[in-house]
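**Student:** I would like the entire structure built from these sequences, with the hints used as guidance.
Going line by line, the protein sequences match chains A and B. Be aware that the first sequence starts at 1, since it is given in this note's numbering, and climbs by one per residue. Be aware that the second sequence starts at 1, since it is given in this note's numbering, and climbs by one per residue.
Please keep in mind that the hints were generated in silico from the structure rather than gathered at the bench. Using N, Cα and C, we set each Cβ at its ideal position, and we do this for glycine too. Careful, some of the hints might be misleading.
Have a look at the derived ranges for each label pair, beta carbon to beta carbon [to be verified]:
1) A:A116 <-> B:M51: 39 to 45 Å
2) A:K42 <-> B:I450: 47 to 53 Å
3) A:I119 <-> B:E243: 46 to 52 Å
4) B:Q418 <-> A:T47: 38 to 44 Å
5) A:F22 <-> B:D438: 41 to 47 Å
6) A:S16 <-> B:G265: 37 to 43 Å
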Amino acid sequence: MSFPRKIVFYFLLLFSAFLLFFPVLYAFMISFMTGGEIMQGKFFPQTFTLDNYFRVFERLPLMKYLMNSFVVSTGVMIGQLIVCSMSAYAFVFIPFKGRDFIFFLFISTMMIPWEATMIPNFFTIQKLDWTNTYQGLTVPFFALAFGTFLLRQHFKTIPKELFEASQIAGLSRFAFFWRVILPVSKTSLVTLGAYGFLTTWNMYLWPLLVTNNDQVRTVQIGLKQLQSQEVATEWGVVMAGVIVVIIPTLLLLFIGQKQLQKGLTQGALK
Amino acid sequence: MKKNVRLLFIFSVIFSMMLLAACSNNESKPEPEPSKKNSEEKETGESPSRMEINFWHAMSGAGQEALDRIVADFNSSQEKYTVNAEFQGTYEESLTKLRSVGGTKDAPAITQVFEVGTKFMIDSGYIEPMQSFIDKDNYDLSQLEENILNYYRVDGKLYSMPFNSSTPVMIYNKDAFKEAGLDPEKPPQTFNEVKAAAEKLTKPGEQYGFSMLTYGWFFEQLVATQGGLYVNKENGRADDATEAEFNGEEGLRVFNFLNDMNKAGTLGNYGTNWDDIRAAFQTGKVAMYMDSSAGVAAAVNNSPFEVGVAFIPYPDEVDRQGVAIGGASLWMSKGIAKEEQEAAWEFMKYLTTPEVQAKWHIGTGYFAINPAAYNEDIVKAEWEKYPQLKVTVDQLQQTKPSVATQGALISVFPESRQQIVTALENLYQGADPQEVLDQAAEGTNRAIEIANKTKK
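**Tutor:** In structure tokens:
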């Protein structure tokens, strides 16, 4: 690439990166400002104060919320990986009657928005007496049509010959799944895992619905508690909370970036 | 092949067992918490036989802070009861949650419900009217603020305990008044005065004279202060309302007032978000605006100029009637144990004492429902710091009690407010005031009709 073109490209990249990152950057700046400064629309804080951070930890059992969010998100992530990989395996490697039909039925549930099934799900959880428990927060999310679809597309790229060879070698179906399929699908699994973790981390309505107290509540409800309705909101404190809450997700993105990129583009091309 | 299928079946059984085991592991996880709490309680020397009740509220931000402190004070002030204050999302969200447990033994002993949910709660059958405890206990209601009680009193009965109450006020920029040659100590009072002042205060492209949040509550208040009714059947207090009345001459006056300023370019429109209009005021883009009395302290603190607070304006041709309150009240559940109700009642009595109300007023800017609180030293000190707060209380206490200032009582208030928001938005786009008002009234009528039909 010629030098001027490079400059143009880098300029465009920098610009879009800034555009995308601006809200986070602004939140970061606000978390150091006092109430007046925020309302007057300043971008740089005049005095750096950490008050907002102290306040947010004082106000909320934030560590407990973070811990809960972590347990719930990890739980959903692991559950999704197990359920989706196994169902995808069945759809690809085990021939049975009406397989395609069942698969498309499965996929069509992607068209039903989660909100539409929320009320029946809630009644189920209530009847099971699972409100205020981790399983109430996690189990309804284990089966994910999108995850099954993603993994199925990847499993289909694995040559059938491999399956036949393994059968000749005397591997059982599960051994094949465990020792061959999973290792070669690492990128897709990481993608799905990260996706599951992040969406669960950001969930608000469901955790609010099935929890009544701080016992197993997640961080997003904590953030909501910082915002007032009629009394003026202290945005500095809210943003300090937001920054603390997005750190784990950012970390996850940085660590898993390479795998994520690979996995997502792979799904897009196939 | 068959063997494999069987293996898979066995495996899936094992897996589901594993899953169950994992779940029950999770289940056991939260358990150490209560036991820890118990041990903490023992450490502080509290008896384990305390009656525990849950209190669902929708207070976030500063309100939650103040509330948590009050609840903690109550729990340490006596030996018999423990109140757990639990946040349940916004007013709308917590009301929805209550619907799933209302009337059962899982319902919280106390729930905070916003003022426009009053009618819904009375009709729901979830609740124990406050009046039964007031009568049993010979509780002296006269110590509470009459103008607040009036809102929650239906057919002479108090169904819920008023809690956080606020009214609208007009907040203005004193520095901008001086600059425009207006007297900062004499804010405009009538619609015409506000229009004239807004004219002088407007600097094209820089500062608007007046603004009002596009929110139904403010419209209701501007109608109420003229003595106008929102719905028929005495504002829905004599019987179930069947028709909206806000599109009469009182409502039209309000819409004309806004329309005139909009046409003259002296009205700033900042949408439906509280924080947006506050930001506009604090950056000097708007010189006068209507806000909740609960937002006064923050406006004074955050503005880099002198802030004044005035009564809400009224049309020149009528007398000022005052304001109706907004906010929320506390409801006691029916269908829970008698002891729990007792505990809830004790807590509510504690809440209404002057000392607690003084703390509440200072912590949040909401009114004290017990006016004796205004004589507490902490309130006096606060008023010295923020003389603007006193204006809000004066406005409430000077309100003339009537069905208009009692506030309307309809179960479909949220829908109706949405209709008003749409009407205001259309008005600002240049539509005819009477026309948009009629449309809003029609929409409200439809909602009322459906609600009345489904009720019986």
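**Student:** The structure should be examined with respect to each hint, and the outcome stated for every one.
**Tutor:** Hints, verified against the model:
At about 40 Å, the beta-carbon gap between A116 (chain A) and M51 (chain B) stays in the expected band of 39 to 45 Å. Roughly 48 Å separates the CB atoms of K42 (chain A) and I450 (chain B), a value that falls within the hinted 47 to 53 Å. Hint check: I119 (chain A) to E243 (chain B), Cβ distance near 33 Å, so the stated range 46 to 52 Å is violated. Between Q418 (chain B) and T47 (chain A), the C-beta spacing of about 42 Å keeps the proposed range 38 to 44 Å intact.
As the Cβ distance of F22 (chain A) to D438 (chain B) is approximately 44 Å, the hint placing it in 41 to 47 Å holds. Checked against the hint of 37 to 43 Å, the C-beta distance between S16 (chain A) and G265 (chain B) comes to roughly 38 Å, which is consistent with it.
Of the numbered hints listed earlier, the single one contradicted by the structure is hint 3.
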